[in-house]
Amino acid sequence: MDAFLRMEHVSKRFGDFYANRDINFSVRRGEVHTLLGENGAGKSTLMNVLIGLYQPTEGTIYLDGKKVRIDSPAQAVKLGIGMVHQHFMLVEAMTVFENIILGDRNTRGIFIDREARTKEIQALSARYGLEVELDKPITEISVGAQQRVEILKALYRGAELLILDEPSAALTDLEVEGLFDIMRKLTGEGKSIIFISHKMREVLRISDRITILRAGRTVCTVDRTETNGEELANLMIGRELAPSHYEKITEPGEPVVSLEKVDYHKESKHNGLCGVSLSVGRREIVGIAGVDGNGQSQLAQVVTGVLTPDAGEVDLKGSRVAQFTPNGFILESVSHIPEDRNKMGLIGDMSVKENIVLKSTDTPQFSSARGFHLKKRAIRDYAEQMREKYDIRCTSVEQEARNLSGGNQQKVILARELEGQPDLLVAVHPTRGLDIGATRFVHDTMIDAREKGCGVLLISADFDEILEVSDRIVVMFEGQVMGVFSGKEPPIQEISLAMAGK
Amino acid sequence: MSWDFISNLLLASVRMATPLIFLSLAELYSQRAGLVHIGLEGLAAIGSLVGFLVSLITGSPMLGVLAGALAGILVNMIFAYATISLCAEQIVYGMAINIFAPALAAFIYRVYFGAGSTLVQVTLMNNLSTTLGITSDNFLLKLLLDQTPMVYLAYALVIFTAIYFNKTKSGLNYKAVGEYPKAAATLGINVIGVKYIACIICGALAGMGGAFLTTCYSNTYVDGNVAGRGFIALAAVIFGRWSGGGVLLACLFFGFCDALQIRLQVGSFGVPYQFFQMIPYIATVVVLALIGMKKAGPKGAGKPYLREDR
Amino acid sequence: MKNSNKLISVLVPVASVLLAFAIGCAVMAGLGANPLVALQSLWTGAFGNLRNVGTTLARATPLIFTGLCACFAYRCGVFNLGGEGQFIIGSVACCYMATQTGIEGFPAIVLCLLAGILAGGIWALIPGLLKVYRGQNEMIISIMLNYVATLFMGVVYTNWLREGSVPQTMSVPDTTKLSRIFGLRATTAFIIAIVVGLLIYYFLFYTSKGFQLRAVGLNMTAAEFNGFSVKRYILFSFVVSGAIAGLGGSAELLGTQYRLINGFAAGYGFDGVAMALIAQLHPLATILVAIFFAALRVGSTTMQAATGVPTSVSDIIQALVIVFTVAGLAMVKLSQFKAAIDRIFARKETVAS
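Chains as they are written, first to last, in my numbering: chain A, 1 to 502; chain B, 1 to 310; chain C, 1 to 353.
Just chain A, same shape as in the assembly:
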């Protein structure tokens, strides 16, 4: 079988950094070809090159045997390449119908011919089993439905090659099954699919061939039938996966925080809480497992005082919380590693030094005369100390925080949040986008905090991370607690079912 798409010696450089280096990759007609790799292995960059968002620094792309230049997304669409991005490219203020016909070049006329377009879309959706409600605004449909809209969008533009970037990340198990059915239908009709994922089980189920990327380079391409999960994992990481489990604690101390029937925007399935009761004890890591967007962000913001619950009670170190303000919680020694480092955690335009002391410039350690004179020397020295202790890699503590890598930004936040010996640490997706080394560092630090008597509430969409460090696992689905499980020898099957809402 000859390849439908061939990418040869493709490189993409940003500044001095190669996101892709000498990549060779090909996709046949009618196959599901998986791109496997860790975060930062260069999958997304490669796909952005393929759809014309980035220009490759070197290399050539062949489509149907012909050399092509994809210098714009419009060109990619014309060549029959469609992509479903991990973060959906849907315009929320518009309806499903409008999103599908957006940017349409195939039809004539100035006005939107609603009837004709609707018919075409319905034909497509019937053919591939892609059910959508055309007149609903995007904001009112589920994540799974949004994904179907994305696929329809690509097909409507005549895509022959479909790129699905981590399509299962935000889906429940049931929805994933539906997605796989659709994918099989598509390949059955001769379409090719590039499937990007790092979930081994799914990859082994749906792929025909698998190409592994590591640190921006292709490692190899293997047939699904000739490999297994272990081999793939080793290829992906580049070394044996050491089963380094932390010791789990079964008897925590007295509760640091406990929630009793907390509601917040109850009617919202994806951004609300409904009757949530849970507690985190001292010397305990409680992991909140669940697919992104089932109320976890709201939970984190309630227990850090950013949001005020509509109903229910929150007890902090044994006393009822009357007023929800971030400052009130900070004064009660609650630390927060927020989900979005750049937006919520750091002041990007300020220096590393200033970000480290962000919360404590009022203290006598860093200012005299009740905050009226900053001790610049003391701040600098302290920051240098933290830089050493937390291994923050920066040119100097004067460097702007926005110019650090993700891992080092997270270390700045850790230094700020953990140095004051907190009683409760709320960590939301603390290792998202970090490499293995930095991830390990963050986990070690959390365990360390636990050993010092801190209660940790870990919220993560990365199931492996939850399993790795949690002493207790709480599963959330559509704003509700679906079950509580032990972190020691966790019942994975049951937890997975609970995450899917069963």
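Don't read these hints as lab results, they were simulated from the structure.
Because the structure is a prediction, the values reported are computed rather than measured.
C-beta atoms are modelled at their ideal positions from N, C-alpha and C, and glycine is treated no differently.
It is possible that some hints are incorrect.
DEER-style ranges, computed between Cβ atoms [said to hold, decoys possible]:
id: 1; chain 1: B; residue 1: Ser2; chain 2: C; residue 2: Trp160; range: 30 to 36 Å
id: 2; chain 1: A; residue 1: Leu124; chain 2: B; residue 2: Asn166; range: 23 to 29 Å
id: 3; chain 1: A; residue 1: Leu124; chain 2: C; residue 2: Phe337; range: 43 to 49 Å
id: 4; chain 1: C; residue 1: Arg232; chain 2: B; residue 2: Ile163; range: 43 to 49 Å
Below, computed lysine to any residue pairings styled on SDA-like, alpha-carbon distance capped at 20 Å [claimed, not checked]:
id: 5; chain 1: A; residue 1: Lys317; chain 2: A; residue 2: Ser279
id: 6; chain 1: B; residue 1: Lys299; chain 2: A; residue 2: Gln146
id: 7; chain 1: B; residue 1: Lys303; chain 2: A; residue 2: Glu92
id: 8; chain 1: B; residue 1: Lys182; chain 2: B; residue 2: Lys303
id: 9; chain 1: C; residue 1: Lys209; chain 2: A; residue 2: Asp349
id: 10; chain 1: A; residue 1: Lys359; chain 2: A; residue 2: Gly420
id: 11; chain 1: B; residue 1: Lys303; chain 2: A; residue 2: Gly348
id: 12; chain 1: C; residue 1: Lys209; chain 2: A; residue 2: Pro364
id: 13; chain 1: A; residue 1: Lys452; chain 2: A; residue 2: Arg282
id: 14; chain 1: B; residue 1: Lys169; chain 2: A; residue 2: Phe111
id: 15; chain 1: C; residue 1: Lys209; chain 2: A; residue 2: Gln365
id: 16; chain 1: A; residue 1: Lys343; chain 2: B; residue 2: Lys303
id: 17; chain 1: C; residue 1: Lys338; chain 2: A; residue 2: Asp16
id: 18; chain 1: B; residue 1: Lys169; chain 2: A; residue 2: Ala93
id: 19; chain 1: C; residue 1: Lys231; chain 2: B; residue 2: Ala289
id: 20; chain 1: A; residue 1: Lys359; chain 2: C; residue 2: Arg232
id: 21; chain 1: A; residue 1: Lys343; chain 2: C; residue 2: Lys231
id: 22; chain 1: B; residue 1: Lys169; chain 2: A; residue 2: Thr118
id: 23; chain 1: A; residue 1: Lys359; chain 2: A; residue 2: Asp340
id: 24; chain 1: C; residue 1: Lys333; chain 2: A; residue 2: Met350
id: 25; chain 1: C; residue 1: Lys231; chain 2: C; residue 2: Leu129
id: 26; chain 1: A; residue 1: Lys343; chain 2: B; residue 2: Glu89
id: 27; chain 1: C; residue 1: Lys6; chain 2: A; residue 2: Gly420
id: 28; chain 1: B; residue 1: Lys303; chain 2: C; residue 2: Leu218
id: 29; chain 1: B; residue 1: Lys182; chain 2: B; residue 2: Ser170
id: 30; chain 1: A; residue 1: Lys261; chain 2: A; residue 2: Leu307
id: 31; chain 1: A; residue 1: Lys343; chain 2: A; residue 2: Lys359
id: 32; chain 1: A; residue 1: Lys343; chain 2: C; residue 2: Ser229
Add chains B and C to chain A, keeping to what the hints say.
Same frame as chain A, now just chains B and C:
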């Protein structure tokens, strides 16, 4: 209050709303492409001067309006280049335009007329009734015919805008650029191109709005004659919820306030006239305060669009 | 890296000034004047002798106040475009205090200035409250209030505090006037302006609250997550920034104008914003830019007399400086440009080592 007073008031409202309609539509087209433009005051100032000069030189107010539009486009290309290509902050650059364009207008005026110039006047654009030779005291006829062609153009533009954004493919694409430029780009929509086109439209409309002031409203140019209309237009777009029809209603309301203050000044009632002059400005503040938090503007407005954003 | 950033933040405005002058010269040449003569007379007019320097500093004084006003608010992330209105309301309150209460002498000066501070602060509280509690656009509101303030001042000088047939208020008493420095046009108002600038500089960069205020200005969400009361800082920054403008208004009245009259403070608000932007929100740099703007204005009168070039050329030059500076600062932030700069610096370092 007599019927005369009310009918005159309503007629004046329509007239006073017209420059606001041009300016608000300018803002609407800009924001729909994701560009918040607070420099309309400046664009209108240069449009107003150029419109004045050209209609003085050629004797044709129509040519004046056209030239005003061109001047608006030219100056707005500076804004376009800085905010689209250089990704300068839109608010900050809008402010720069507000400082630059009126200074340019004042300078050209001084250079052209010399330092100690006497008041120069131009002939204003004719009303349709004058052109057609129809005179009537009927209120409806006056409302329909006692208007300059610019008024009809303004309403035609409102209708066009409503249809464009709601019924056409191109309008849909245009809106997508303001809402989610990256998504638009992945669909092959030329985001940068749409943004530049938006700046051309915005410049032209703002220039025309300014030129209206010197070709249809007052027969002379004075510095500061835009008198905050560029900013009131911003409020009108918010008030009108970013839609053609809504913006029209908002402009009519602000036009009414403007007309009211002029009528009340004539009546005086022993109150210093400045208090009446405050009405449109205070009305704007009150309206904004009442609208409150609800945000319905294009999601991508105000943010720069970088093509190779990492 | 850090050094190259600092260097660029100085180089960009300087290059913008040079470019603006180049265009200004071309315009002058186009008008038939000799640019060199024009520039020379511009310089003499502004700084040629002590008297002219005094005049320049006097002209700079109100600009420093409105510049600092814009600078302070924007440091907290809010765009106060209402400096002019706050300046005017401050001067109106001051005028009332100076002419209507019968107080005189030094205590009167203090009270008058305080009245201006208070009035300016309260006037700025309106957009502040609407921003914080109604989520409204502070720019439009503060600009609308400029017009209201200007019209209100109109009522004051045409009606309430009018003196004689000319629409203007009565003059403040001689004993309440601010004293001149060495008999020049510049008064103690200039000193007050410099002191205010230094205080703001100290507050922003050497106090804990100032640090937190800047944090709020740079990233409101992160500031909130880190326990700062964002609303309170926004209100605070509005009030202080209005108070600065109000103080400026009273200082201008007591130091230079003595009475309110048509055109008082016209354009000062936007000038202030322009200066703060060129100075990249640095309070001390704002003072320098204000003096530069004032020099252009004062010098242009001499230039007009000497060469016939209209004074508004200086307005064009000023406007071009802001147009170029803001664009230039955006340009150096672009990634392609950054990479180029880094390469140049890297090369220099390797050559040096």
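Holds or violated: Lys343 of chain A with Lys231 of chain C, Cα cutoff 20 Å?
-> Since the Cα atoms of Lys343 of chain A and Lys231 of chain C sit roughly 18 Å apart, the hinted pair holds (cutoff 20 Å).
Lys343 of chain A and Ser229 of chain C: Cα distance at most 20 Å?
-> holds, 17 Å
Does the Cβ pair Leu124 of chain A, Phe337 of chain C satisfy 43 to 49 Å?
-> Since the Cβ atoms of Leu124 of chain A and Phe337 of chain C sit about 45 Å apart, the hinted range of 43 to 49 Å holds.
Has the given pair, Lys303 of chain B with Leu218 of chain C, been kept, meaning a C-alpha gap of at most 20 Å?
-> Roughly 15 Å between the alpha carbons, so the hint for Lys303 of chain B and Leu218 of chain C holds.
Compare the distance between the alpha carbons of Lys209 of chain C and Pro364 of chain A with 20 Å, and conclude whether the hinted pair is satisfied.
-> OK: Lys209 of chain C and Pro364 of chain A at ~14 Å, within 20 Å.
Would you check the hint for Lys303 of chain B and Glu92 of chain A, treating anything up to 20 Å between C-alpha atoms as holding?
-> holds, 17 Å
Would the pair Lys299 of chain B and Gln146 of chain A pass a check requiring their Cα atoms to be no farther apart than 20 Å?
-> The given pair, whose Cα atoms are some 18 Å apart, holds under the 20 Å limit.
Satisfaction of hint between Asp16 of chain A and Lys338 of chain C, Cα-Cα up to 20 Å | At roughly 12 Å apart (the allowed maximum being 20 Å), Asp16 of chain A and Lys338 of chain C satisfy the hint.
Given pair status - Arg282 of chain A, Lys452 of chain A, alpha carbons within 20 Å = holds, 9 Å
Would the pair Lys6 of chain C and Gly420 of chain A pass a check requiring their Cα atoms to be no farther apart than 20 Å?
-> Outside the cut-off at roughly 33 Å; violated.
Holds or violated: Lys343 of chain A with Glu89 of chain B, Cα cutoff 20 Å?
-> holds, 18 Å
For the pair supplied as a hint, Lys261 of chain A and Leu307 of chain A, confirm whether the alpha-carbon distance does not exceed 20 Å.
-> holds, 15 Å
In summary, the one numbered hint that this structure violates is 27.
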